[in-house]
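Go ahead and model the full structure; you've got the sequences and the hints to work with.
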Amino acid sequence: MTETIVAYLRANAEQLDVDMAEALNIPLVELREQIARLAASGDVICCRVTRFIEGRKIEGISCRLSCDPPTPARGRKPGVKKDDDSEANLF
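First residue of the sequence shown? That's 1 in full-length UniProt numbering, and the numbers climb one at a time after it.
No lab work stands behind these hints, which were simulated from the structure alone.
Heads up, the beta-carbon is just placed ideally off N, CA and C, and yes, glycines get one too.
Among the hints, erroneous ones may be present.
[As the list claims (entries may be wrong)] The calculated label-pair distances, taken between Cβ atoms and stated as ranges, are: (1) LEU24 to ARG51: 18 to 28 Å; (2) GLY75 to MET1: 14 to 24 Å; (3) ARG37 to LEU16: 12 to 22 Å; (4) GLU33 to ASN12: 35 to 45 Å; (5) LEU28 to ARG74: 26 to 36 Å.
Quick look at the structure:
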């Protein structure tokens, strides 16, 4: 069962527990028990989230693989300077 959850997270990145239970056809209570075991072993990282979708409040647990960090934001990063005169420093 845990291999199925890990494979699903590997394929779909970060997911809510409700969405995972629906996609994997696993009862939510059983899925949460498996997620707790995976989190204790360090395979997944979980946090409680509250989302509002179409005015409805949805509370759940957001999970992702621990070896899968979120992608960095696009654009320039603070503290990074562009070196325009790279040829001038050759001599």
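Hint by hint, here is what the structure shows:
1. In this structure, LEU24 and ARG51 meet the distance hint of 18 to 28 Å, their C-beta atoms being roughly 20 Å apart.
2. Between GLY75 and MET1 the C-beta distance comes to about 40 Å, which lies outside the given range of 14 to 24 Å.
3. Between ARG37 and LEU16 the beta carbons are some 18 Å apart, a value that agrees with the proposed interval 12 to 22 Å.
4. For the pair GLU33 and ASN12, the supplied restraint of 35 to 45 Å is violated, since their beta-carbon distance comes to about 20 Å.
5. A hinted range of 26 to 36 Å holds for the C-beta pair LEU28 and ARG74, which are about 35 Å apart.
Consistency with the previously given hints fails for numbers 2, 4, ordered from lowest to highest.
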